[in-house]
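There are 2 protein chains.
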Amino acid sequence: MTGVAAVALPAVAGAHPGHRASDMIIVNTLGGLGNPNELPDGPDTGTGVDGTGRGGIEQRVIDDARASGLTAVNVTLGYVAGDMEPFEYSVREIGIWDARLRQRPHDLLKVLNAADILRAKAENKIGIIYGFQNAAMMGDDASRADIFADLGVRVIQLTYNPGNQLGDGSMAPENLGITPFGREVIERLNADRVIVDLSHSGERTCLEAAAHSRQPISINHTGCRALVDLPRNKTDEELRLVASKGGFVGIYFMPFLDPQSRATADDVVAHIDHAVNVCGEDHVGIGTDGGTTGIDDMAAYRARIAKQIADRRAAGIGAIGENPDTVPFVLDLNGPTQFHKLADLLRQRGYTENRIEKIMGLNFINYAREIWGA
Amino acid sequence: MTGVAAVALPAVAGAHPGHRASDMIIVNTLGGLGNPNELPDGPDTGTGVDGTGRGGIEQRVIDDARASGLTAVNVTLGYVAGDMEPFEYSVREIGIWDARLRQRPHDLLKVLNAADILRAKAENKIGIIYGFQNAAMMGDDASRADIFADLGVRVIQLTYNPGNQLGDGSMAPENLGITPFGREVIERLNADRVIVDLSHSGERTCLEAAAHSRQPISINHTGCRALVDLPRNKTDEELRLVASKGGFVGIYFMPFLDPQSRATADDVVAHIDHAVNVCGEDHVGIGTDGGTTGIDDMAAYRARIAKQIADRRAAGIGAIGENPDTVPFVLDLNGPTQFHKLADLLRQRGYTENRIEKIMGLNFINYAREIWGA
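Here the protein sequences line up with chains A and B, keeping their order. Its first residue numbered 1, the first sequence is counted upward by one per residue in UniProt numbering. Its first residue numbered 1, the second sequence is counted upward by one per residue in UniProt numbering.
No lab work stands behind these hints, which were simulated from the structure alone. No experiment lies behind these values; they were computed from the predicted model shown. Hints may contain errors.
Sample of chain A residues at the chain B side, in silico, Cβ under 8 Å [to be verified]:
no. : residue
1   : Phe87
2   : Val91
3   : Ala99
4   : Arg102
5   : Lys110
6   : Leu112
7   : Ile320
We treat Cβ as the ideally placed atom computed from N, Cα and C, and that holds for glycine.
Go ahead and model the full structure; you've got the sequences and the hints to work with.
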């Protein structure tokens, strides 16, 4: 595996030159570029991150992302849950994002390999990584992986919370493992050099996928089950196996980091710390599961989220720990300051600048280089 | 409509600086970038132009295209005929072409608007225009036009030779007109600023589409029925209506230009001349329906083509005039010299340089600017 030293930090002036974090490469390995103050203008993808629909990304969202120091983000597109036909819906969303990127050539850049993340930093753009959070759109044909790889999808998570034809999700009670078709898809994703992600999966599915994949896998947005026993958090066995094979683990800024689903920034630090202890400091990063634009009216937002969580529960796609009073982020680690603040907290925890830079982005770049190429 | 004078020819050195044609902008409004000496490595799309399959474009093909002076070409991708599921097959081929373009960033450029053709010329690249030769992949949902527009498809021909859910093709005996769904698709393509093309259609379908479309339509590869009475050639009424509304007509280098299906370069000139007389010199161009790489072994090639034509006839997708001894191009207007030679023949016919430049590419650029934007 390529050493961290191989990542050259381009010399660029950040938006906040006085602040150390804005010189960093920051990769949100699962997040969004949406405005949480607006209702989605398309069907809810079930991710709790972006609404979709054919339209551009507003200036405020771009400005907030830049102010946050974000270099690249794995945005969720394509089918996650719902009544849509998964294949067509996923293709449609790829088109929508392609059009969004074309509309903002000076702000956004499609990330197809690891070097594109460095290029985004050098050109002061936000790198957009296309990722799926469900592989249901494969249907019964693993060769569809080729289609999505060719169209630029670079991360494919095998299951969402329920099970699918590839394996079991975190909320599938049987905790079955990866299916024969799931193995076939993994092999095809390996051949296509697409990241195989096991966030949201059941434990057995994750362990079997990590063992079967000939390329290291990722769990790009998770917490640690050893700290909080909720199904969306990964066990030490999963974290250890993934890291031991050269994989990547991103810690989310999600309520599941706290047993009462009221996570704070300190919980994020605690889960990062645990993951570093289990995985080693070269295999941990951040995949917040959120965007970088803050909430203007928290009361209105809470009301909307309560309804969304009830809908998700009714549809059988919610996870344990999603309660009506739960907001899908960490209250004191939100909006454009979140990455700077996290870096400061890690400093207070005694982390070196080198380790902080690895966690904020360099670990993911080194991992991605293994899969996507330089 | 923007005048031809608005097209500024970028000052670039062509591959053959001594030859006038290599300074021209040459747009093949329907063609290919394949090697006719090789069997297609994927299923035959039925276009007689390219084989498809996941793989790059070989160097010889690029070299021949550059040597020919080609600036941009509308390549056929997606479903044309056969047992494949039209939507998925079309999406798959878009991915294949996206990957091909990524593999050759210094040779190829995806054309999304009219300015991209000028950019291709300035950067000495071949502009690739994504086009369909059948709209069967719309299924029963006109909003699929949005998907293809977002993914970069810029030309959609409504029917191939048989009829489909949008209208009748040139070989559909009933000569029915455009269907209600066909009208809906035209409206959506207009909204998406995708060129509506009526090559291969039946006469009534073409006339009704030209009347219904609020943007001018194209017939990007055809001959003139007034000269040769074959169904793939367009009547003067069709040519006149399309041109009178500001549309575009491309003349092909195909056997149908001759009643015995043995067309020569002189036939191409005669059909261009007729089209100019009917449409005016601002509305005619060339859409050869072929590539720019020549045939190495004509006997072997003829044997393969005879089989392909028999297969097409058996499948009911061939057109009258496709005979077993017919080759799908003009024998003396083939390979890398074809455009230079045509320009010379037009000069001999007494055409001015200005008119020749319009026909070789500028007319299409001005038309495309109306539809795609500058």
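So, going through the hints one by one against the coordinates:
1. Phe87: With a minimum Cβ separation of about 7 Å from chain B (threshold 8 Å), the hint on A:Phe87 holds.
2. Val91: Result: holds, 5 Å to nearest chain B Cβ.
3. Ala99: holds (4 Å)
4. Arg102: holds (7 Å)
5. Lys110: Since chain B brings no Cβ nearer than about 10 Å to A:Lys110, farther than 8 Å, the hint is violated.
6. Leu112: holds (7 Å)
7. Ile320: violated (36 Å)
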